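A.B. asks: Sequence:
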Amino acid sequence: MDVGPEHETPQHGDAEGAVDAVTVAFGDAKQGLYGLARVGLPGPTGLGILFEGSDVVAVETEGVTVETLETLARWRARFGDYFDVELSALSAPAALTVEHPAGRAGGMNGYEQLCRVRGTVEDRPVDCLGQRGHSWGRPDWDRIALARTMSAWLDDQTAVSLTAVRSNKAKHHGDEDVAAYVVSGGVPELMEEPLVSTTYDGDGRQRHVGLELWPAGDDAYPHRAAGEVLCGTTLDLGRLRLDCAFFAWKMEGRSGVGRYDVLRRA
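In my numbering, the protein residues as written are 3 to 268.
Hints listed in this document are in silico derivations from the structure and should not be mistaken for laboratory results. Given the structure is predicted, the values throughout are model-derived calculations rather than measurements. Even glycine gets a Cβ: it sits at the ideal position worked out from N, Cα and C. Do not rely on the hints blindly, as some may be mistaken.
Unchecked claim - The calculated lysine to any residue pairs, modelled on SDA-like cross-linking and capped at a C-alpha distance of 20 angstroms, are:
#1 K32 / A147
#2 K252 / R266
#3 K252 / L232
#4 K32 / D203
Claimed, not checked - Across the chosen pairs, the derived CB separations fall in these ranges:
#5 E64 / G255: 18 to 28 angstroms
#6 A75 / D144: 17 to 27 angstroms
#7 N170 / D83: 39 to 49 angstroms
#8 R241 / D129: 33 to 43 angstroms
#9 G255 / H210: 18 to 28 angstroms
Given the sequences, and given the hints that come with them, work out the whole structure.
C.D. replies: And the structure:
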């Protein structure tokens, strides 16, 4: 999918069970501030989350907005009195469509962009990295056991984005459909063979993860990354459970932060 301005508008139509949402997230490791804003399109659903250190400051569904200032380039995200930030795209969109096995298994299309994030969080100035994404489709949770999304923001030109979907017929995570991009020089490259290994705690929450991401080509070398949880929370979404976490990441001499979310049937 070649992402264009037309993809910034609502995409799902009126189909039953359709999902269409924009999500922004950021992490300021120096101040220990990590935030997320998610809004449904065309509305009115929303979710805002803010962490300070390992503590949950707020989880609310009111007062969350994401505004497009310049198509595929700049956005403003606000969450009540908790944060007001502007995001500027640093990369081209990394797109996932239902033509890829992971998109087909999850019933979703979408794209993400690495962003510079500036603004205020809890009345403190922030200047850090984050992401902005738009996803839409019709996930069939009668067939999906869980879906995992990961992102690592490593510098202004380097990031990782990964989606993994496990069907209810799969016996272990090795049977998941996985799509991963590595952003280098601001350009996303789809990996040919992404491998994921996660360690969970006794309650099934993600704690550590290792990635081995193989580009196309017989002489290619893998990108290797490792992540460790910084903060997180679990949300009861009725039929579904969301384990939302921010991670500290390391890859090839670079360090950064990012997200690791697991959405599963409750």
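A.B. asks: Tell me, which hint numbers fail for this structure?
C.D. replies: 1, 2, 4, 5, 6
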